[in-house]
Amino acid sequence: PMDQSSLKNSDVLILTGLTQMPTANPDGMLGEFCSNLAMTIRAGGNVLVPCYSSGVIYDLLECLYQFIESASLGTTPFYFISPVANSSLEFSQIFAEWLCHNKQTKVYLPEPPFPHAELIQTNKLKHYPSIHGDFSSEFRQPCVVFTGHPSLRFGDVVHFMELWGKSSLNTIIFTEPDFSYLDALAPYQPLAMKCVYCPIDTRLNFHQVSKLLKEVQPVHVVCPEQYTQPPLTQSHRSDLMLELQPPPMPYRRCSVLNLPFRRRYERVYILPELANSLVPSEIKPGISVATVSAVLHSKDNKHTLQSVPKPPPAPPTKKRKRVMEEPPVVLAPKPLLSGAVPLEAFLATLQKHGITEVKVEETADGHILHLQAEDTLIQLEEDGTHIVCDNNEPLRTTLRDLVLRFLQKL
Amino acid sequence: MPEIKVTPLGAGQDVGRSCILVSIGGKNIMLDCGMHMGYNDDRRFPDFSYITQNGRLTDFLDCVIISHFHLDHCGALPYMSEMVGYDGPIYMTHPTKAICPILLEDFRKITVDKKGETNFFTSQMIKDCMKKVIPLNLHQTVQVDDELEIKAYYAGHVLGAAMVHIKVGSESVVYTGDYNMTPDRHLGAAWIDKCRPDILISESTYATTIRDSKRCRERDFLKKVHETIERGGKVLIPVFALGRAQELCILLETFWERMNLKAPIYFSTGLTEKANHYYKLFITWTNQKIRKTFVQRNMFEFKHIKAFDRSYADNPGPMVVFATPGMLHAGQSLQIFKKWAGNEKNMVIMPGYCVQGTIGHKILNGQRKLEMEGRATLDVKLQVEYMSFSAHADAKGIMQLIRMAEPRNMLLVHGEAVKMEFLKGKIEQEFSIDCHMPANGETVTVTTNPSVPVDISLNLLKREMALGGPLPDPKKPRTMHGTLIMKENSLKLVSSEQALKELGLNEHQLRFTCRVQLQDPHSDPDTLHRIYTHLKSVLKGYTIQHLPDGTVMVESIVIKVSSSAEDTNTKVLLLSWSYQDEDLGSFLSTLLKKGLPSGLC
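Residue numbers (the working numbering), protein chains in the order written: chain A, 1 to 410; chain B, 1 to 601.
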């Protein structure tokens, strides 16, 4: 069975390829196939099975392998006619890793996973590339023939239709769900041959899909619009459709869909040198922040953040340049600030730095601090601080740094 | 700095009992669990007490990975899992899972039944051990748990041999097991993509040799066999049932066919028919030529090679016999050897590596008198030849693999110390990467320098990419600024504004106002204009505007001019800026304090 774990927590699930025969239970169909086959053979007729050369045929052969003994079909030859018949049967034996657990354990013995190898060895099953050549000389009736094409429009099956169509002893059993058997038979009418329709389609039916969706729980489901209503031939069957809350997004052939999900984040890699230079600070319990100034490199849709390269040191010149002649090169914007400056603590800090004469005035939004000796004003409010300082750059920078100590940088 | 630790418990500067422990990202992995073929006592098993002194290993290991079915890589597995105790997952490829238990059972039979040992694992233990095995497919990434993932690559060497890529987070290790870089008659060559692991652990059996052309070796081999057969001698080729045997069978079969030879070739029974089946069912693991033609013709069904019976050994006349096991240390090949050793017309050809302590090793080193059980000595008169057919990579092949995978560090195991030393030097010289060759029990620690994966908000990313323009200028890189939020296990990089919002914080505005006095005899608006012109000439590259409301703006800094009350020639400039423009603001106040240059209009 399908491994569903990778589908879990998907944002969008596109659902398609469900069974075309929701009312036909595959196991039941297999049973019908076998019983019809046995009945025809016992009555002395031939059985024609139009099918693809790989796929369900392996299961049919396996089922018949078990059935042959009990139904005393031991002497009836089974023919598989297709240019790739040999390859198909051989190839089915070598991909055990794709088969179910039981078949895998057979391979460890070692034994071929499919029993048709034994059928070939015991000459019960014979394969031929076409009806010409060896087949025409070794052909015995009554027999069972597996051949293509299931549409009955081309392939060796046409020959058999002509050969056996007139006798009501023979039966044609349809197992492929792709083609409507009535349409397929139309050009051969009137047909005395019996027709049995038991399509075998092991794909998911609506009941299984509902169960799958309940387990996987995707955020959005997208499906062909045919699944949102019961099939045309059984419009009263309200269980043969997808009923979901919220309803799935339908699409039809050649329609363009915008899938409803937005990405909010992309993966970017911080190079180790930059990662080492980051300084996180905890602003809330369990949450830390760090200011990042970096250079973004994007190549082949892969993004990395690298450290900002340091500007090369200015070459020493013979002429003595005046300091501060060069305007500052803005390497990185200053971080945003957050927090508040607590009055008492700030006053204490000022004191420690030798600023003792401070007159504190209360205002509607906060406080104004008059630094008497330095002739400077500091306005402290909940969401802002304003420093008014003339002509004293060193003092201004000191005050600036003292304020910044109380604030968070983002 | 995160580290990866590697400790060989076996195959460190040695061949045999391969067992390598890797600690990566908090996960512990055991690579291979082999048996040393040269010892008969406890030394044949790796020393698991390194992992824990007493008790089961389940809690200490996250998984065990077996590279292929040779006994020196899986021989101690049942012992470890059932007798020492391990219940976690064991990973190996499908063919390995199929063939391992057979070889283990065979080996157990010889050791217990024929040699009569007691403290050995039982058949039931082998079965219980294999129940814990999870099969791997080539190039399929398997999640062992949330953080540890492994992937198998084709290694050549024998059917089902794999190299394993182990990844936890951004750190990775590749273990090669035994591998071969040249395809042979039934297997392909090892291949790996440029996965750039932090460490590549490679075997170095033939570290110093560069093998000559395969055709020469094959021609040599066939010549020797042919000569011996021509003079009526018998050729004994000791092989393991699965591995080189198939290769040599194909070679001899084609030769016999071409030369229309009549002498019989035998293959010892037991594992033969089974081996054939395995090769058929796992044909996807053989080389391309065999895969293409297997439908029409099975390369492993031999017309000239028949099953051997013990009595045939006494038949007169020439014959070639493939007998197991490969190093002449026990079993049928040893029996046949004893029978034929006395005749100079006969020949024994060792097709591969022989571990020290085995009879194979002894006779290859020239020993011609051997001590058997019961004090009997055996005179070795038959010709002893060594043809290296074992599928290991030679020095050139190892370098080729390094070029393929581009690891950051190398670690050599499964070789002889002297040869590894030589190869280590070559690797360090050619690739400039560190190369280690630890002994058993010695731990190698490699510091990795991984990048940190972070989720960046799409808005921030798109904005930066748009501003950066299609071609970034390497001389003036555009700096991006953001805030990294670290919450539980997630790292998110967002713009500072978004960070404030997400964390529920308020922005705190810090502003500065500065008054600068200037001497300027012009009117206020003229002064302002002079300031504007002055700044424009100094601050090229900045946005400077002269606004109609009587202010000059530099970026977002505001400059106003007013006359002093006492003296109209003394102007007072008011500069106001926020913390975001701190650098520029500071510069401006110092600049303007110096006054305006006289040459301005």
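The hints are simulated quantities; they were obtained by calculation from the structure and are not laboratory data. Heads up, the beta-carbon is just placed ideally off N, CA and C, and yes, glycines get one too. Errors might be hidden in some of the hints.
As the list claims (entries may be wrong) - Only some residues are given here: those of chain B computed to face chain A with a beta carbon under 10 angstroms:
1. K132
2. H139
3. V144
4. D146
5. L148
6. K274
7. V444
8. V446
9. S457
10. R515
11. Q517
12. P521
13. D524
14. D567
15. T568
16. S589
Quick rundown of the hints versus the structure:
1. K132: Hint violated; K132/B Cβ to chain A Cβ min 14 angstroms, cut 10 angstroms.
2. H139: This hint is violated: H139/B lies away from chain A, its Cβ roughly 12 angstroms from the closest one there, beyond 10 angstroms.
3. V144: Violated. Min distance 14 angstroms.
4. D146: Where the cut-off is 10 angstroms and the nearest Cβ of chain A is about 12 angstroms from D146/B, the hint is violated.
5. L148: 16 angstroms, violated
6. K274: 6 angstroms, holds
7. V444: With a minimum Cβ separation of about 21 angstroms from chain A (threshold 10 angstroms), the hint on V444/B is violated.
8. V446: Status violated, d = 15 angstroms.
9. S457: 6 angstroms, holds
10. R515: Since the shortest Cβ distance to chain A is 4 angstroms, the answer is holds.
11. Q517: 7 angstroms, holds
12. P521: Since the shortest Cβ distance to chain A is 21 angstroms, the answer is violated.
13. D524: For D524/B, the interface hint is violated, since the closest Cβ of chain A sits about 19 angstroms away, which is over 10 angstroms.
14. D567: 17 angstroms, violated
15. T568: 20 angstroms, violated
16. S589: 6 angstroms, holds
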